[in-house]
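Visitor: These are the residues of each chain, in order.
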Amino acid sequence: MSKESIEVYFRNLSRSGYSITSPATPEYNCIAWAAGNAELWWEPDPQFLYYWPPQIERRYTLEAYKRTYEVLGYKICDNSVLEIGFEKIVLYINEYGRPTHAARQLISGRWTSKLGSLEDIEHNTLEGLSGSHPAYGIVAVILKRPIKNS
Amino acid sequence: MTYAGSVLFASGTKTRMQDIKDTAEGKESRIIQKKYDSSVAHYLTPYSRQWNNPVIRFFTLKVQWQVDTSMLSSVAEIAMHPAYQQIIGMGPIAIPLILSELKRKSGHWYWALKSIAGEDPVMPEHRGNLKKMAEAWLKWGKEQGYV
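In the order they appear, the protein sequences are chains A and B. Numbering (this note's numbering) for the first sequence: 1 to 150. Numbering (this note's numbering) for the second sequence: 1001 to 1147.
No false leads were mixed into what you were given.
Facing chain B, from chain A, some residues (calculated, C-beta under 8 Å):
no., residue
1, D45
2, L49
3, Y60
4, T100
5, L115
6, G116
For the chain B half of the interface with chain A, some residues (derived, Cβ under 7 Å), not all of them:
no., residue
7, S1070
8, M1071
9, L1072
10, S1106
11, G1107
12, H1108
13, R1127
14, G1128
15, N1129
16, L1130
With a Cα cut of at most 30 Å, we get these calculated DSBU-like pairs of lysine-lysine:
no., chain 1, residue 1, chain 2, residue 2
17, B, K1131, B, K1062
18, A, K3, B, K1103
19, B, K1114, B, K1131
20, B, K1131, A, K3
Hint data in this document are derived by calculation from the structure and do not stem from the laboratory. A virtual CB, placed ideally from N, CA and C, is assigned to each residue, including glycine.
Starting from the given sequences, assemble the full structure and let the hints guide the process.
Guide: What follows is the structure in structure tokens.
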């Protein structure tokens, strides 16, 4: 997928700045990628086709998605500003309150996102992926955890 | 006719036409040729008749579906796309087409396969691992005589 196509879906991206960091693949999604997994597609689908942490309720709710990262050691926090010694994850929701996307902060302060079945990107701002469908809505939750070995 | 290695003098500037190799065909003529082919195909085989061909129908729907959903991170949403639902609606005739597609390239065909076949050969420990899921469905397809 070309940059031009990505920018059709996410109209704020070119303005806020981003770069493509992987080839496109459907093998994993943003939820897995934010959790550090690039091998599985994480989703609480009702058909039980995809991976979902077994201890988490299998529902498309913000609470279930938040719990998925809490079991990995993340805790709710109130801002997305870079903090030395911490890594942050944000969850986006659409206008119906349904989770649409997760992004993880890098030590540079930029964010890494897997765009559906497309590429991974690094983006400068969270607003780059915000907006109405097909963009990911708004950031609803910010979580952080201490970086290991820091 | 060949323009290979020819030199273009435009506005007094010498520009080598490196992008033209052994043909005079340019971008515009390729577009015109494509439109011409499409018009001829449309004239010879009306769209309504093409739509009755399951292969043409499948690939037309597949392209629509992929363009509209490739940025989505939820298969539940991806699978609700009207084109994907129409592929499911094609029933068992779509299974060999889906499996051949799966053999060629990874993709989210599992919702459709499970919906049409009414079974799921993927082991629980392989859920979400698209390579393993593809392997399981291709093995199933072979056993069922679809592949």
